[in-house]
Amino acid sequence: RKEVEQDPGPFNVPEGATVAFNCTYSNSASQSFFWYRQDCRKEPKLLMSVYSSGNEDGRFTAQLNRASQYISLLIRDSKLSDSATYLCVVNWGSGTYKYIFGTGTRLKVLA
Amino acid sequence: GAVVSQHPSWVICKSGTSVKIECRSLDFQATTMFWYRQFPKQSLMLMATSNEGSKATYEQGVEKDKFLINHASLTLSTLTVTSAHPEDSSFYICSAQAPGTSADTQYFGPGTRLTVL
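Protein sequences, first through last, are from chains A and B.
The numbering of the first sequence is the working numbering, which starts it at 182 and goes up by one.
The numbering of the second sequence is the working numbering, which starts it at 4 and goes up by one.
Just so you know, not all the hints are guaranteed correct.
Claimed, not checked - Below 30 Å or equal to it, Euclidean Cα-Cα: the simulated DSSO-like pairs (lysine-lysine) are:
hint, chain 1, residue 1, chain 2, residue 2
1, B, Lys17, A, Lys223
2, A, Lys279, B, Lys67
3, A, Lys289, B, Lys44
4, A, Lys223, A, Lys183
5, B, Lys69, A, Lys226
6, B, Lys67, B, Lys23
Quick caveat, the hints were computed from the structure, so don't treat them as lab data.
Build out the structure end to end from the sequences listed, making use of the hints.
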């Protein structure tokens, strides 16, 4: 099993649609969780951290399920500018700050 | 916000030469920086953790004699790809932890695209 697993997509959705991505992780000792966004041939940029209680930032909502070891990202009212690869990132283990990246889920929002 | 720069942005070199990539934290001091590599259509893979004033910690499978890391100051870490070969062609990205933020928040540099002919 991969350490951090994501559906690579691509997800092709029309503008205004709601889309959800899931990510599973294998290490139950993982402490922190993030969603990053990566545009083609650019560096990843932090989209949001993921907290146990769930958190929302505008059109983006992130959820964490520790029992099932998965995190999710929901994007509402998709915009063309949301087209990118979304990377699930897990802080590996306790007391260490190594990021383990998923392979990313590619989203394409269509006009 | 925390800004990390990398130089050069892209480099093309001949097989067998060495290439040095710089990673700088511009507006903060970073005791820890990280080096990643990303091949096309793949995710970022952590290569090593670079700590200021001490030896880097390499991930399994990463040759420390081939990928030399130096973190001589709190704002600069360098990665030298020695005797580069075509299979080393990749996107190399560094990141740094910024003080005053959550301890596990990393800020990424813009990346260096290396092509070895």
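The hints, checked one at a time:
1. Restraint check for Lys17(B) and Lys223(A): the C-alpha separation of about 24 Å stays at or below 30 Å, so the hint holds.
2. For the hint linking Lys279(A) to Lys67(B), the alpha-carbon distance of about 18 Å falls within 30 Å, and the restraint holds.
3. For the hint pairing Lys289(A) with Lys44(B), the CA-to-CA distance comes to about 15 Å; that is within 30 Å, so the pair holds.
4. For the hint pairing Lys223(A) with Lys183(A), the CA-to-CA distance comes to about 24 Å; that is within 30 Å, so the pair holds.
5. Taken as a hint, the Lys69(B) and Lys226(A) pair is honoured in the structure, with Cα atoms around 28 Å apart against an allowance of 30 Å.
6. A hinted pair counts as satisfied when its Cα atoms are at most 30 Å apart, and Lys67(B) with Lys23(B) qualifies at roughly 14 Å.
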